[in-house]
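Modelling step: build the complete structure from the supplied sequences, incorporating the hints.
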Amino acid sequence: MDERKSTVLRAVVESFIDTAQPVGSRAVSDLTNLDVSAATIRNEMASLEADGYLVQPHTSAGRVPTDAGYRYFVDHLGPGHLDATETRQISSFFRHAQGQIEQRLADTSRLLSQLTAYAAVVVGPAHDPATVRSAQLVDLGGGRLLLVLITSSGSIERSMIELVAGAQVDTSHIAAASAALNSAFVGTSLGSVPVVNPTGQREIDDLIATSVAALTPQSHQTGELYVGGTANMAGQFDAVSTIRSVLAVLEEQLLVVGLLGDLVERGLSVAIGTETGVAPLAQCAVVVAPYKVDGEQVGSIGLLGPTRMDYPKALAAVHVVSSRLGESLGEPHED
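Going left to right, the sequence shown walks through residues 1442 to 1776 as our numbering numbers them.
Be aware that one or more of the hints could be misleading.
Label pairs and their in silico Cβ distance ranges [stated by the list, open to error]:
| id | residue 1 | residue 2 | range |
| --- | --- | --- | --- |
| 1 | ALA1567 | SER1478 | 57 to 63 Å |
| 2 | THR1481 | SER1501 | 18 to 24 Å |
| 3 | SER1501 | LEU1696 | 39 to 45 Å |
| 4 | ALA1567 | ASP1459 | 35 to 41 Å |
| 5 | ASP1443 | ALA1720 | 34 to 40 Å |
| 6 | VAL1636 | GLU1737 | 28 to 34 Å |
| 7 | SER1501 | ILE1684 | 26 to 32 Å |
| 8 | ALA1675 | GLU1644 | 49 to 55 Å |
| 9 | LEU1709 | ALA1689 | 21 to 27 Å |
Hints in this document: simulated from the structure, not taken from any laboratory. Cβ atoms here follow ideal geometry from the backbone N, Cα and C, with glycine treated the same way.
The following block contains the structure:
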C-alpha cells in the first residue's frame, strides 16, 4: 500500500473509531494534510474498498473499515501513550495495592476497564490442580447416568452420560462400574482422564468406557478469571443480540482463559473479529498481554471491545498495566 492510501485508510479508521459514523471524502480531507482533490480521495477510498480494507454500508454513505482495514491500521501503529492523568491513576493504584492476590487482580480488572471503557479480563497465576477424592456413578433413570467427582478442595464436578435409547442397565453393573471408576480416579488430578482397568465383564466395561468417553481432558491448572467493566459492553454495540452473546462469552471462564492463553502463545497482542476463533466475538477485538513476576510469565490481562476500539489507547493501557501488575505482585505485601 502506498503512502497516500495508507494515510487515507488511517484517517477513515481513526474517524470511525471516534464517531462510529461512516466516513466520507470530506472528513478524510479535513483529517489529513493531503494536497489532493476530493475526487482523488474518493478514488483512493474506492481502491481501498476494492482491496478489502473498507466497505460502504449504503450507496450514498461514506466508508467504514473492515477487519482487514483494522488489521493494517494496528500493524502499522506507532507506540500508543496514556495521558498524564491516566498515568498518575495507574501509579496511585499500584502504590496503594494491597490485600490478597485475588482482590488485587479483581481490582486491576476494574482499573483497566475504567481507563478504557471496555471489558477487562485478568487471568490469575496458575495454581496446582485439585485432586479427585471420590468418584461415583449415579443412575438417573431413562437411560441417563451422572458421573460425580468430589475434589480435594470440596468442589463437585458432574458429567452427564447418555446411554443408548431404551437401554436397561442392571443396578449391580452400575455399582461395579462405579467402584472401578472410583478406584481409578481417586488421587488423580482433576481434569485428567485416567485409564480404568477392565473388569472382564462386558456389560460393566461398556459402562465404564461410556462414562470415560463422556469426559474431556481439561487443564484445571489455569488461574482464576477476573472480569471488570462488563456493563461497558452495553454502550459499545447497537444490536442487543450482540451484547448478549458477548456477555455470555465473558461468563465462560475456561473459554476466555483459553482464548487469552492461545493469543499469547501465538504471539498476538491484538485479535480482530474472526481472528479470535470465537464465533460470538466476530464483531469484537481483543487486546492482550502477559504479565511476569521475577521474569516468569504467570498470567495475562486483556481488553474486550468492539472492532472499532481505540487501539492505540487500549494497547498502551494493557502494556502499562501488565508491566506494573507484574512488578506489584513481585513485591512483598502485607495482607
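Where does the structure disagree with the numbered hints, that is, which hint numbers, in rising order? none
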